[in-house]
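Since the structure of chain A is already known, use the hints to place chain B on it.
These protein sequence lines are chains A and B, in that order.
So the first sequence is residues 1 to 434, counted in full-length UniProt numbering.
So the second sequence is residues 1 to 434, counted in full-length UniProt numbering.
Note that these hints are calculated values from the structure, not bench results.
Beta carbons are placed, not taken as given, at the ideal position from N, Cα and C, and that holds for glycine.
Keep in mind that a hint or two might mislead.
Said to hold, decoys possible - One-sided and incomplete, this derived list gives chain B residues near chain A with beta-carbon spacing under 10 Å:
#1 Y169
#2 E181
#3 K213
#4 E214
#5 G215
#6 C373
Claimed, not checked - Covered stretches of chain A, going by a simulated chain B footprint (3 or more residues, C-beta under 8 Å):
#7 57-71
#8 173-180
Number of protein chains: 2
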Amino acid sequence: MTKNDIAKRVHDHTWKLDPIIRSLLDTDFYKLLMLQMIWGLYPEVDATFSLINRTQSVRLSDEIAESELREQLDHARTLRMSKKEMIWLAGNTFYGSKQIFQPEFLAWLADFQLPEYELTRRDGQFELHFHGKWKETSMWEIPALAIINELRSRAAMKSMGPFTLDVLYARAKARMWSKVERLRALPDLRISDFGTRRRHSFLWQRWCVEALKEGLGSALTGTSNVKLAMDADLEALGTNAHELPMVLAALTDSEEALVAAPYKVLQDWNRYYGGNLLIVLPDTFGTASFLRHAPDWVADWTGFRPDSAPPIEGGERIIAWWKQHGRDPREKLIVFSDGLDVETIERAYHHFHGKVRMTFGWGTNLTNDFEGCAPVEIEGLKPISIVCKVSEANGRPAVKLSDNPEKATGDPAAIARYLRVFGTEERVAKPLRV
Amino acid sequence: MTKNDIAKRVHDHTWKLDPIIRSLLDTDFYKLLMLQMIWGLYPEVDATFSLINRTQSVRLSDEIAESELREQLDHARTLRMSKKEMIWLAGNTFYGSKQIFQPEFLAWLADFQLPEYELTRRDGQFELHFHGKWKETSMWEIPALAIINELRSRAAMKSMGPFTLDVLYARAKARMWSKVERLRALPDLRISDFGTRRRHSFLWQRWCVEALKEGLGSALTGTSNVKLAMDADLEALGTNAHELPMVLAALTDSEEALVAAPYKVLQDWNRYYGGNLLIVLPDTFGTASFLRHAPDWVADWTGFRPDSAPPIEGGERIIAWWKQHGRDPREKLIVFSDGLDVETIERAYHHFHGKVRMTFGWGTNLTNDFEGCAPVEIEGLKPISIVCKVSEANGRPAVKLSDNPEKATGDPAAIARYLRVFGTEERVAKPLRV
Chain A
1 MTKNDIAKRV HDHTWKLDPI IRSLLDTDFY KLLMLQMIWG LYPEVDATFS LINRTQSVRL
61 SDEIAESELR EQLDHARTLR MSKKEMIWLA GNTFYGSKQI FQPEFLAWLA DFQLPEYELT
121 RRDGQFELHF HGKWKETSMW EIPALAIINE LRSRAAMKSM GPFTLDVLYA RAKARMWSKV
181 ERLRALPDLR ISDFGTRRRH SFLWQRWCVE ALKEGLGSAL TGTSNVKLAM DADLEALGTN
241 AHELPMVLAA LTDSEEALVA APYKVLQDWN RYYGGNLLIV LPDTFGTASF LRHAPDWVAD
301 WTGFRPDSAP PIEGGERIIA WWKQHGRDPR EKLIVFSDGL DVETIERAYH HFHGKVRMTF
361 GWGTNLTNDF EGCAPVEIEG LKPISIVCKV SEANGRPAVK LSDNPEKATG DPAAIARYLR
421 VFGTEERVAK PLRV
Chain B
1 MTKNDIAKRV HDHTWKLDPI IRSLLDTDFY KLLMLQMIWG LYPEVDATFS LINRTQSVRL
61 SDEIAESELR EQLDHARTLR MSKKEMIWLA GNTFYGSKQI FQPEFLAWLA DFQLPEYELT
121 RRDGQFELHF HGKWKETSMW EIPALAIINE LRSRAAMKSM GPFTLDVLYA RAKARMWSKV
181 ERLRALPDLR ISDFGTRRRH SFLWQRWCVE ALKEGLGSAL TGTSNVKLAM DADLEALGTN
241 AHELPMVLAA LTDSEEALVA APYKVLQDWN RYYGGNLLIV LPDTFGTASF LRHAPDWVAD
301 WTGFRPDSAP PIEGGERIIA WWKQHGRDPR EKLIVFSDGL DVETIERAYH HFHGKVRMTF
361 GWGTNLTNDF EGCAPVEIEG LKPISIVCKV SEANGRPAVK LSDNPEKATG DPAAIARYLR
421 VFGTEERVAK PLRV
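For reference, chain A alone in the conformation it holds in the complex (with noise of 0.2 Å):
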């Protein structure tokens, strides 16, 4: 008897389009959070999104074929919200809470679809830019991640036969397993996923999340990939980003308002969702002018996310905060998810055993890391720091400072106009693998 099952073979050999992005849930959860709040107090504010590779060496429209990327991009187009997700985002507890999201809004996430985008090239790079409303367009900024990550893994992987891709997965397996045997050895750690825009591929990035939940049991706390979480019965993890400061902060008038916007952003956010999904993202100003500036009721949120400085800089500077204002670090939460790898788990974890409450968003180095697999060593799977911010709104230029200025975003004048407002204090260089 042949082994080959025909119908298979044809339908592989016939098809058109291996889709990456498979549902509208295969996102961050946070962006969920984020746009039922948008939908409900800033619906018409236009908002653009656009790419930027921070790894300018890697020229990703001489990697990527634009014609494969407007597919993928159409094909994400096509999607919809099926019953079953509607029924599992309506039904489901997230962060312990039922109904989290509201039927009305829940009504007109039914009928989304990602909006239209504007692609072209320059000197090798793909200028991606989406233009709409923000409550449209926020939903592109992780599709658009996934789909150029992985289409350049696929590039980098055309040339490899079958046996090579079998050491590649091979080695890459045997890796993420060696991970989680040192990881399980610290007890009570919490950890979740983190690492869906920038991962290799939605099935490594699912092998990922499948090995740390057999290895680490309960110390899995979740995912942030909504389509995960409910396909392998995983929490839903992640809160809010820093384009609600960004695009807040662009739409002041003042520079007082512009000041103010930060936490302006943490109010909208307390009407919407309490506990804890209450956690600050210090950065997007710097985080020195943010905790200098902020109202004494910024530390009763649960924790703060320090997510552009190295975790055990980041996190003192949170813990003598909270003590400046009189609050115990060990009640509060600080929720790492900036360039984590095992080292820097391992170092943070012991640093803050027993100071305060921890848990770690592992992201790019989770879900994508190949360096050193493939039996031939290929630049194409290194990943590279991407991202997709939001540039303006409503016409107005959107800017992110962060603590590392290697992060920051935005046009050079909006810059330079914030960094006297927010002032350059504590703002480090640190060169970025992702």
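Then chain B, alone, in the frame of chain A:
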């Protein structure tokens, strides 16, 4: 569309047997070379082959169900040479020679069937004997060992879920590939697969051979496994084994004839084969004794295969002997085949490079190296030292002394007699891993 192939699924859950031995050619090539000589010169000699598990701490009949063992042995007895296999044996070139097998021998082989077996259990071990004509029982050695070893692997993996198995094989593949990378740093290395008998499984051996082929290219000189050689268009390699001197020694009636038996084997061999097939296996009754009594013409043979001494020590002894006999070792070949791993291969390679031609027959550490690969350590995946040796010839005890007393086999009284005749010099006990 659901992804399951229903027919395959039904086949999977209703099948009776996943055969370990798929073909009579799933054996070592030297068995066929020896078989032709046995068939031609000793057709009426009886020889009993017996399973010997030197790793007594592993209670094989507790790990493997007797019924499963019987099913696999029975299945192997149903096998016959296929037309394609017969055509290949007749038409292929072996060691550079066409028609190495005589038409009369092939005609006899076309109807070959493995003879009956005798299986009982004692003390946690299987007593497995093959009685009958030497030209029939000899062919059980490799399939019997492969069946026991693979049934043991299967038993060890029975409790593993799909994810655990995935990690297990990913790690084994990653390890295998790192071995390939080390070996390909050795210019002009010549290495071959000798790992059939103690392999983890047939499919795994095939993967390992594919890895060597992909990674080492022409440094892989071939495989001892006839089926894999045929399927992958590789050279089938191997010459002769201890059973030849063991049987011929057992048949002798005087001490003089006993001492001469190892050289009579070489004379017999020389009637059938020449060139690169003229490889001396000197250790059956101790290499020191063999070399001391060897006629000068033995130094004219192409090479030696020291099989129970550490490579450097064993190789140097043979080189010294060649020099004593006025031969240039650089025109001679040493086949290393005892307990090789990457470290010993590297060491022997560097030690002998430029001094002698050499090739490595890599066995158990190639095809059964799973220690530490399972997410939870499993004793059943560690290879054991198991052999299937001729125990009697025409009713007389057959003996192997070896250079390593741990590898000696035979009736204690007969061993004592052989030790008196051949001497005990230079025999050093070394722990047997496999």
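Structure-based check of each hint:
no. : hint    : in the structure
1   : Y169    : holds, 7 Å
2   : E181    : holds, 8 Å
3   : K213    : holds, 9 Å
4   : E214    : holds, 5 Å
5   : G215    : holds, 7 Å
6   : C373    : holds, 8 Å
7   : 57-71   : violated (count 0)
8   : 173-180 : holds (count 4)
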